[in-house]
Amino acid sequence: MGNCLHRATECCERPKHPYMRISLPAVCFVWQTAMIILFGVFIRYNEESSTRWVEYRKANNISSDVENDFYFRYPSFQDVHVMIFVGFGFLMTFLKRYSFSAVGFNFLIAAFGLQWALLMQGWFHSLDYTDGKIKIGVESLINADFCVAGCLIAYGAVLGKVSPVQLMVLTLFGITLFAIEEFIILDLIHAKDAGGSMVIHTFGGYYGLAISWVLYRPNLEQSKRLHGSVYHSDVFAMIGTLFLWMFWPSFNSAITDHGDGQHRAAINTYLSLAATVLTTFALSSLFEKHGKVDMVHIQNSTLAGGVAVGTAAEFMLMPYGSLIVGFICGVLSTLGYIFISPFMERVLKIQDTCGVHNLHAMPGVIGGIVGAITAATASVEVYGREGLKNTFDFEGEFEDRTPTVQGGYQAAGLCVSIVFGIGGGILVGLILKLPIWGDVADENCFDDEFYWEVPDEEEVLPPILEYNNHMNLNKRTDVVTVESNFSEPQG
Amino acid sequence: MGNCLHRATECCERPKHPYMRISLPAVCFVWQTAMIILFGVFIRYNEESSTRWVEYRKANNISSDVENDFYFRYPSFQDVHVMIFVGFGFLMTFLKRYSFSAVGFNFLIAAFGLQWALLMQGWFHSLDYTDGKIKIGVESLINADFCVAGCLIAYGAVLGKVSPVQLMVLTLFGITLFAIEEFIILDLIHAKDAGGSMVIHTFGGYYGLAISWVLYRPNLEQSKRLHGSVYHSDVFAMIGTLFLWMFWPSFNSAITDHGDGQHRAAINTYLSLAATVLTTFALSSLFEKHGKVDMVHIQNSTLAGGVAVGTAAEFMLMPYGSLIVGFICGVLSTLGYIFISPFMERVLKIQDTCGVHNLHAMPGVIGGIVGAITAATASVEVYGREGLKNTFDFEGEFEDRTPTVQGGYQAAGLCVSIVFGIGGGILVGLILKLPIWGDVADENCFDDEFYWEVPDEEEVLPPILEYNNHMNLNKRTDVVTVESNFSEPQG
Amino acid sequence: MGNCLHRATECCERPKHPYMRISLPAVCFVWQTAMIILFGVFIRYNEESSTRWVEYRKANNISSDVENDFYFRYPSFQDVHVMIFVGFGFLMTFLKRYSFSAVGFNFLIAAFGLQWALLMQGWFHSLDYTDGKIKIGVESLINADFCVAGCLIAYGAVLGKVSPVQLMVLTLFGITLFAIEEFIILDLIHAKDAGGSMVIHTFGGYYGLAISWVLYRPNLEQSKRLHGSVYHSDVFAMIGTLFLWMFWPSFNSAITDHGDGQHRAAINTYLSLAATVLTTFALSSLFEKHGKVDMVHIQNSTLAGGVAVGTAAEFMLMPYGSLIVGFICGVLSTLGYIFISPFMERVLKIQDTCGVHNLHAMPGVIGGIVGAITAATASVEVYGREGLKNTFDFEGEFEDRTPTVQGGYQAAGLCVSIVFGIGGGILVGLILKLPIWGDVADENCFDDEFYWEVPDEEEVLPPILEYNNHMNLNKRTDVVTVESNFSEPQG
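Protein chains in written order, with my numbering: chain A, 1 to 491; chain B, 1 to 491; chain C, 1 to 491.
There's no promise every hint is true.
The list treats identical chains as interchangeable, and a pair is accepted whether it falls inside one copy or across any two copies.
Claimed, not checked - DSS-like cross-link-like pairs, simulated, lysine-lysine; straight-line CA separation at most 27 Å: (1) Lys133 / Lys389; (2) Lys224 / Lys292; (3) Lys349 / Lys133; (4) Lys133 / Lys58; (5) Lys292 / Lys135; (6) Lys289 / Lys135; (7) Lys349 / Lys224; (8) Lys135 / Lys58; (9) Lys289 / Lys58.
None of these hints come from the bench; they were simulated from the model.
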């Protein structure tokens with residue numbers, strides 16, 4: 001089907017060039033204006049963030065301001081915020097000449113996405129039917145950041161191959177699909193997914209992979225010279241890796257229940273991630289030549305444990321359970337980078353720049369399965385009667401659901417996220433293939449030059465100055481750059 | 001007047017050279033010793049940070065340790081702290097050979113400034129007249145960091161052109177002026193300024209611009225070779241940008257009222273900043289040649305929305321109101337970089353290295369205006385009776401103030417901050433022109449070399465090693481550097 | 001004894017080469033598996049992180065979820081977490097070609113160490129004798145991170161000279177020794193050490209120095225070409241410095257008493273660190289030629305004040321007391337880098353790559369002494385009766401201890417940490433000298449090349465492209481690298 005689809009869309013082939021000047025400003029202006037109008041119509045503060053809080057406190061007999069949800073969630077929110085902007089942004093700076101786009105376009109689409117997410121998620125989850133308004137608070141901000149994460153994951157798969165306008169379109173549809181899928185999984189199916197293994201990572205991963213598959217570039221090796229890292233770009237990427245790794249416990253615990261829910265989710269994630277680091281190093285060293293470690297694995301696979309523990313983070317997974325999940329994910333994710341990614345590119349025609357399959361999609365599926373098993377095996381002995389009810393929200397119309405049944409629904413939720421990811425990705429991929437978005441030619445992929453004012457040249461200043469000083473060769477008083485150096489032998 | 005002033009101070013012209021060896025250690029030692037003495041005389045813990053807290057809790061019937069102000073404000077304090085040291089520090093690392101000074105001197109003057117700020121703000125705001133002591137707690141630390149921010153903004157305007165000793169002087173006077181101005185605006189005029197649009201950004205911006213105007217260097221183009229970025233220095237600067245952007249909600253909410261005050265300020269800032277990103281990208285792409293985006297705009301203008309929403313962040317600005325403020329600021333700030341900065345340099349003779357006019361001064365003024373309008377239009381319907389009183393602190397001697405009148409006082413506060421910024425800046429600029437501070441010559445501006453032990457040369461090691469291995473040309477066994485390379489063709 | 005010991009171990013000399021392929025994966029797999037088994041047998045959630053929290057709350061009449069220890073400590077925990085992974089990791093990236101190993105192996109050993117620390121500290125401190133299980137919560141995570149810090153400090157002393165397998169061994173024994181030493185100091189001697197001046201820094205520093213002494217490499221100058229920084233690696237290191245500096249108040253307050261304990265510890269640390277910055281700049285400028293400042297000092301000595309205020313941070317050290325401690329440490333630590341480190345290398349044969357003596361060991365000892373003095377001079381007048389009891393935990397079997405006696409025990413604690421550091425370090429050093437760990441030869445020290453897949457070359461792309469465009473010299477259409485450039489003149 002891949003080939004067939006690729007041929008079918010060949011009619012859309014066009015001379016590729018980025019005409020950002022018109023399209024990018026237009027998209028940004030129009031969409032931001034739309035956001036203002038929609039926010040004006042729909043979005044208001046909730047009772048904890050409005051000045052009515054004083055009255056609300058009294059009416060609900062809340063003893064102290066510290067019980068405002070803000071104090072339960074704001075530290076976690078800020079950690080998540082760092083993951084979205086510095087974590088995802090810098091993780092993608094590893095390419096030698098695409099760091100501006102990595103961190104810059106990540107910034108752009110996240111800033112747009114979170115506004116659209118507040119609306120989409122608001123319509124589905126927190127619309128107040130008495131006045132038709134969406135009431136937002138700190139939990140809404142966290143959820144918006146989560147929603148954006150799905151699209152940033154997808155960006156990882158197409159990094160370097162799409163224009164910023166295409167990214168904006170990818171985000172618009174991605175957020176929309178996310179909100180629907182999330183509504184089905186969390187509200188209709190009533191699956192639990194604290195850290196979004198299914199809702200965020202599985203969906204986001206497959207969404208990106210499907211788009212990348214539709215946008216397959218057979219001649220991508222024309223930009224092979226740029227498709228790698230340099231020493232310092234790898235160090236920059238480690239900033240992203242570490243902030244993701246460190247703050248993942250906050251990610252998985254940000255919207256879980258107050259009290260033990262947040263506490264337990266943080267512990268489980270902390271442990272799972274620690275185990276992943278060891279098995280990632282082990283596998284990387286085992287399979288690379290001379291036993292060397294590969295930065296690509298350390299930058300990415302070390303995070304897989306956080307993804308895979310997402311769904312079950314708030315369950316009684318037990319500390320050793322978290323370690324086991326982390327252990328397995330470190331192994332599988334690293335093997336993914338070594339064996340599956342090349343296979344996917346060669347056979348399946350999926351070019352996955354950042355390896356989101358190994359970091360998000362596959363660990364997300366594992367996370368969904370772990371969540372289903374953990375839920376299915378939950379018991380009153382371990383959780384306590386009230387604990388079981390609280391953890392799985394067995395109340396209201398779901399009062400009679402048993403853990404075993406819940407396990408089944410968890411698995412159903414996983415399937416929904418996969419279907420939405422792949423289906424939505426193919427759809428959006430076809431839209432992105434329309435010859436109106438101005439993406440770059442194959443030989444100009446992975447190059448900031450086409451979107452950014454890149455500093456002219458990396459001048460090698462201090463040596464030159466020293467050279468002139470020491471040798472008293474004052475013929476060249478101006479700055480000599482590496483560039484001019486190359487012309488010397490020709491002269 | 002500019003020319004006149006420049007001529008008037010020409011008598012002070014002197015051979016420019018940095019004699020840091022004596023002056024910098026002397027200033028640091030003497031001032032730090034003075035701090036110790038003044039702290040010994042004046043500064044003590046407040047009742048929430050002293051061991052008397054147990055007794056205080058009992059006496060005031062406080063039910064739990066969690067109601068200690070520490071737990072309301074410490075997470076925000078740490079975010080602000082990151083903004084001051086990593087945010088401001090790294091934002092200024094964009095110059096190709098001034099990263100050490102950017103991050104290093106930022107570190108130095110912030111560390112000095114916060115001590116002096118604790119004293120100055122303490123004398124004005126929290127002096128306990130019963131024992132003549134200043135009682136400090138976590139809110140004092142936040143306020144000290146805020147106070148320092150004003151001086152770091154001013155550093156941005158003179159970056160690369162002044163010596164560290166001059167920066168210390170700039171900070172000493174800056175903090176002093178700040179404390180006075182803040183006292184007038186917040187206490188006497190009783191204006192509200194949660195995020196410091198007026199008190200911090202307007203004051204700091206104009207303070208720096210006025211100093212830069214007095215210190216105008218007509219021959220600054222002599223160091224033009226260093227007045228730009230290189231690829232990786234731009235990526236470093238993005239670290240600063242992102243930490244400022246992400247933690248700005250904490251900045252604007254750090255000292256607002258417990259409960260809904262902090263909650264609302266965070267939401268407003270989050271939204272305003274998101275909108276700014278989109279319009280900054282739009283404008284940058286629209287006005288740059290070939291529709292490319294300029295890193296300078298992304299690094300700076302994306303932050304303008306946070307500045308401009310500072311004063312009104314705790315008011316009922318409404319989510320769409322925040323988006324509108326962000327929208328406008330992204331546009332104006334980017335236009336500022338494209339049109340106003342060159343104009344200021346050419347016509348007004350103000351050399352503004354980091355463009356603080358566009359990032360702080362102008363958005364700060366907008367923020368003051370937005371604050372005045374929002375205050376003037378506040379109503380009991382929107383705020384609730386108690387909410388209105390709490391938000392604007394209409395109590396004590398200000399009990400009878402109405403929102404409309406408050407709006408007028410807000411505007412008055414803005415004027416005070418501008419007057420203090422410009423007036424204080426000219427004064428301090430003249431002091432900094434005295435021929436005793438040892439600043440560098442025009443051709444050595446923007447160069448770390450004059451203040452730092454800079455690593456000798458950027459050796460190009462791995463290629464050489466490989467080269468030798470592959471080609472078996474073992475004539476050069478030592479490390480060959482780019483430097484030596486340049487001498488080759490001459491030989 | 002040094003020479004004697006060096007000769008005694010010469011029998012162990014061996015051809016040095018890293019055979020990571022077998023040993024590193026084996027160590028990682030076996031140890032991680034062991035962790036899973038031990039966690040399965042021993043580690044469970046405590047009552048605040050398990051689903052039983054609802055019942056526990058009711059039973060103990062706790063009014064709100066916000067009194068879960070999670071909300072008191074989680075923000076500080078995340079700050080400490082950043083210090084461990086980004087702080088320590090990036091601080092060591094200053095070497096020109098060892099940044100991958102600095103940040104990568106720091107990541108590896110910290111991820112292993114924290115698991116082992118949860119077990120070791122659990123057995124000593126929180127073993128529940130009713131069921132033989134260790135119950136963990138957020139405070140356990142913080143303590144595990146603290147424990148890891150000791151080993152990361154030791155890594156700083158041997159940076160560039162040991163293999164990752166050796167580091168794993170160093171960590172295994174380091175954590176073990178730490179837990180024993182900590183048990184003796186905090187539980188048996190009942191000394192207080194909130195920020196771990198003695199337990200973490202003194203122990204960790206001397207542990208690393210002793211190992212480095214045993215592993216002395218007489219021919220280390222063979223890798224001198226790599227034993228320095230380049231411009232951007234120094235900027236990367238500043239990321240580490242600043243995150244350590246900013247979050248140190250969280251480090252010292254993370255496990256102190258709720259309420260005023262955490263509040264006061266944060267204030268004291270904040271002030272001490274500020275003073276250190278000024279005296280570090282002063283000393284650096286005073287002793288370097290031409291009054292320039294040395295990045296090595298700014299990166300390291302500015303942190304000494306945080307180390308030295310660790311023990312006394314929760315005491316009534318008074319704000320000016322904190323400044324005095326910071327003042328002294330900035331001076332001594334910088335002098336250490338200028339005078340003591342060269343002396344130690346030349347005379348004592350201790351090669352201390354990062355200068356942990358000046359940043360951790362010596363300031364740690366100062367911190368221990370400051371703590372002893374502050375404790376000995378504590379009085380009911382200053383602390384209040386209840387405050388004194390709370391601060392020093394004068395209850396249970398220590399009910400009758402007086403401040404003076406406590407001072408003596410504090411000093412005893414310091415001695416224990418030194419003895420454990422030096423003794424343990426020599427022991428572990430001898431183990432690491434066994435010819436089974438595969439460390440690198442002297443000429444390959446400080447080189448990532450032997451452990452990492454390092455990107456081939458730093459291509460100088462954009463200039464070439466521009467050059468071709470402008471000059472129409474299309475003979476070279478491929479990418480020309482600096483490498484190929486060197487072969488030109490030979491052709």
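Right, here's what the structure says about each hint:
1. Lys133 / Lys389: between (31 Å within a copy, 26 Å between copies)
2. Lys224 / Lys292: Intra 23 Å, inter 23 Å, cutoff 27 Å: intra and inter.
3. Lys349 / Lys133: neither (45 Å within a copy, 51 Å between copies)
4. Lys133 / Lys58: within (24 Å within a copy, 37 Å between copies)
5. Lys292 / Lys135: neither (53 Å within a copy, 38 Å between copies)
6. Lys289 / Lys135: neither (56 Å within a copy, 42 Å between copies)
7. Lys349 / Lys224: within (16 Å within a copy, 47 Å between copies)
8. Lys135 / Lys58: within (20 Å within a copy, 32 Å between copies)
9. Lys289 / Lys58: neither (67 Å within a copy, 59 Å between copies)
Violated hints for the displayed structure, listed by number in ascending order: 3, 5, 6 and 9.
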